[in-house]
Amino acid sequence: MTQEGTAEQAWIRQARTGDTQAFAALVQKYQSAIYNLTYRLLGDSEEAKDLAQEAFLRAYRALPTFQADKPFAPWLYRIATNLCLNWLAKRRLPTVSLDAALSADESAGTALEIGDHSSEPQALLERQECHTALRRAILALPPEQRAVIELRHFQDLSYQEIADVLGIPLSDVKSRLFRGRRWLAEALREFWSDDHLH
Amino acid sequence: MTTCTECEELYNLYLDGLLTIEEEARMQAHLAACPACRRALSDLPQLFAALDRLPEAPVPADFLAGVLGRLAVPPAAAGQRLPVPSPRRAPGTTVSARLGTLRQGLAGLGEWLGRSLLPRPVPRRLARVAVALAIVLALVLAGGGLSAAAAQSQPSDPLYGVKLALEQVQLAAALNDTARADTYFRLADTRLQETAQMAQAGRVDLVSGLVGEYERDLQNGLTLAQQAQAQGQDVSSLLARFQERLRRQQALLEATRERVPGPGQPDIERAVNAHQRGYAQVLTLAGEASPVSVAAPTPSATATAAPPTASPTALVAMPTAAPLPTATPVPPTPVPATAARPPLTPTPSPTPTAPPTATPTAVGPQPVQIAWSSPGVSAIVAPGASYVVNVSFSSVTPLRNVSLVVTSPLDRYATVSPASFASVAAGAANAVQVSIAVPAGTKPGLVTGMVLLQVEGQPVAPGLKVHLTVARPSGAAVVPPTPTEVEATPTATPSPTPGMTPTSAPSPSPSPGHNPGHAGRGR
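Here the protein sequences come in this chain order: A and B.
Each residue of the first sequence is one higher than the one before, starting from 1 at the first, in this note's numbering.
Each residue of the second sequence is one higher than the one before, starting from 1 at the first, in this note's numbering.
I should point out that these hints are in silico values taken from the structure, not numbers from a laboratory.
You may find that some hints are simply not true.
Stated by the list, open to error - The following label-pair restraints were derived from C-beta to C-beta distances:
#, chain 1, residue 1, chain 2, residue 2, range
1, A, ASP69, B, GLN200, 39 to 49 Å
2, B, LEU175, A, SER175, 33 to 43 Å
3, B, ARG186, A, ASP69, 37 to 47 Å
4, B, MET1, A, GLN160, 22 to 32 Å
5, B, GLU258, A, GLN160, 52 to 62 Å
6, A, ASP156, B, ILE21, 21 to 31 Å
7, B, ALA425, A, PRO169, 47 to 57 Å
The structure presented is a predicted model; accordingly, all values stated were derived computationally and were not measured.
Think of the CB as a built atom: it goes at the ideal place given N, C-alpha and C, for glycine as much as any other residue.
Given only the sequences and the hints, what does the whole structure look like? Please build it.
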C-alpha cells in the first residue's frame, strides 16, 4: 500500500461518516481529473463544471455503498462518465464548442509546455492549433467512443476497468477504442503530414 | 495468415503494451508485407503522443467550494442510516424519519422544478427558491395561524412537520452564505433545545434523530462560514455569533447530560462531541479571520502541542480538542460518581470522547493547497539520453518538512532536486529540477508517474504528472517515428544516478522493423 493510497483510504473512511473535510481532500485530489474528464466529454466548460460537481455530490452520497477494497478512482470515473453519457444522450443536438476548446488551450496550453525548448511564437501557435483540432476531433466522436478514448488515454484505465466502468463487454471496449483512434488519427493527419511537431 | 483487420487490432494492442511475443511477431510479419497497413497505422503513435500532450484545462477556482455547497445532507454512516419511513407511521414517532423524508422530499421537489424549467442542471440556489415558493404557497393555503402555532411545536406534536417546513423557507430565503450559516446555527440551537425537552419528557426515542440534525446543522453552518471566508468575506461577526450560541449550547448540554435517562446518554455524548468539534472549528476559522472579537481561550496542552501543519489553513482544519471558551470561565461540572464521562470543558489531556474525525489519525485531511507551475511534464527521451526540466510549486500556506518523491515506476528514471525543503514560504515559487535519464537498452514505451509533494510525510494533491516516452532506438522503423516535442540530446550519456538501472533487457530482436511501443501501461 502506498502512502498515497493509505491517505486516500483514510479520507474515504472519514468521509463515509459524514466528514465533509475529509471529502474535501478527496475532491482536491480528483477535481482536476474529473473536471477535465467532463470537459473533454462535453466540450462546454459550464456544463463540465456542473456535471463534475454533480459527480462528486453523487459519489459522496454513494460512499456508504462503495467497497473500500476496490480502487476509488475508477469508481469515481464511472459516476462522472455515466453522468456525461446520460447528459449527452439527452442533448438534442451534439455540440462542439470550439470556443471552449480554444479558451482552454489559451489558458493552459502555453503554461503546460514547460519541457519544450522550441517555444517560439510560431511553434506555440501551431501546437495550440493541433490541440484545438484534437479537442474538436474528440468531441466529434460518438459519445461511446469518446468515453473509451477518455478513460484509456486520459485516465489510464485498463481495458477491463473500462469495461467495468461502462458496463460493456471487453470486445466492445476494443472496437470502440480502435475505431475512435483511427478516426482521430485521420482527423489530425494534416498536422502530421505538414511536419508540424506538436 | 494475419488479415489487415487483425493487424490493426494487434497494432493497437501493441501500442497499449498488451501483445505477446508471438502476436508481435505476427504483426511485424504482416506490416513488413503490407504497405497499406503501414500507411494506415503510421499515424497512431503520433496520435498517442498528441493525446498525452493535450493540456489539462484549469479547474475553476470555485470548484471545491461549489461541491461543498452542494453537500446538503451527509451520507448516513453505517448504523446511522435514517430509517425508511413507513407511510402509515404515526406522527411524531420517529423524528429523524420525518426530518429525512421532508428534506428529501423538498430536495426532490426543488430538483424536479429546476430541471423541468431549465434545460440543464440548475444551481441548487434556484432549486431552493422554488422550494421556498412552494412551501409558502402551501402555508398560505393552509391558513395564517398555522405557522405561529407550528413554530412553538415540539417533535412529538402533529404540527412539527410544518415547523420544519418553515425552517426550510427560512433557509431558502437567506440571501447569502453568511445568512444561511446564521440560520443553520439558529436551527442547531432549536434542535438542541428540543433535544433537552424531549430528554426531560422521557422521549429518548426522539433524541437520536434530533442530535443527528443538530450535528448536521452545525456542520452546514460551519461549512458555509468556511466558504464565505474562502471567498474573502469578513466572517468575524458571524463567528462571534457562532461562539455566543455555542457557549449557550454548552450550558444546555451540561444540564441535559445530567438529566437524560441512561439509554439516551450515548446520543447526548454525540451531541457533546459535535459541539466540541464545532467549537474547535470556529476557533480555527476565527484564527484566520482578521482580528475578531473572539474571547481568546486559554491555550490547552493539546492545542499547543499540535504540529504546525495542523494549524488552520484555508479549508480544512480541525484541532483535536480546542478549549471551550466562556466569557466567564465555568469550572468543569462535577461528574457524578456513577458516570465516567469527562466534563464538557476539555481537560488538557485528550478526552476519550473525542470523535473519530477529530482524533489524530495516521492521515488526516490535508488542508494544504499547493499549485505547480505546470500540471504536467511530457518528455520523449531516447535510451542512453537524459533530460532535465525545471518546474516550481507554490503553497497557499507556509509549510515545513516538505519532501518530494517520484512514484513508481517513474522513479527508475526520474529524480528530483532538491528532494526536500525544510520550510516553504507562503506564495513563493519553489524551483524543482526533474532529471530524467533513460539507461541504454531500455525498451521503448510509455512510463507515467508523478512527482508528489509530501508534508510531514503526508502526500498532497495535486502531484506533477510526468509522461515519459522512451523513444525507439535509432534505426529504421516500419512505422514512422513519433515526432518528439521534447527530445533529449541523443549524445548525452546517462546520468550516473544511483539506482537507475535498465528496467529490461534489450529487446530480443531489435530488428530494423522494431517499433515505437507504449509498453509502459502494462495492463
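Status of the given 52 to 62 Å range, CB of GLN160/A versus CB of GLU258/B: holds, 59 Å
Verdict for ASP156/A, ILE21/B (Cβ pair) under range 21 to 31 Å: holds, 24 Å
Range agreement (Cβ of ASP69/A with Cβ of ARG186/B, hint 37 to 47 Å): holds, 42 Å
Hint check for GLN200/B and ASP69/A - Cβ pair distance inside 39 to 49 Å: Given about 45 Å between the Cβ atoms, the range holds.
ALA425/B paired with PRO169/A, Cβ distance criterion 47 to 57 Å: holds, 54 Å
GLN160/A and MET1/B - C-beta distance against the hinted 22 to 32 Å: With a Cβ separation near 29 Å, MET1/B and GLN160/A satisfy 22 to 32 Å, so the hint holds.
Whether the CB-CB distance between LEU175/B and SER175/A falls inside 33 to 43 Å: violated, 53 Å
Of the numbered hints stated above, the single one contradicted by the structure is hint 2.
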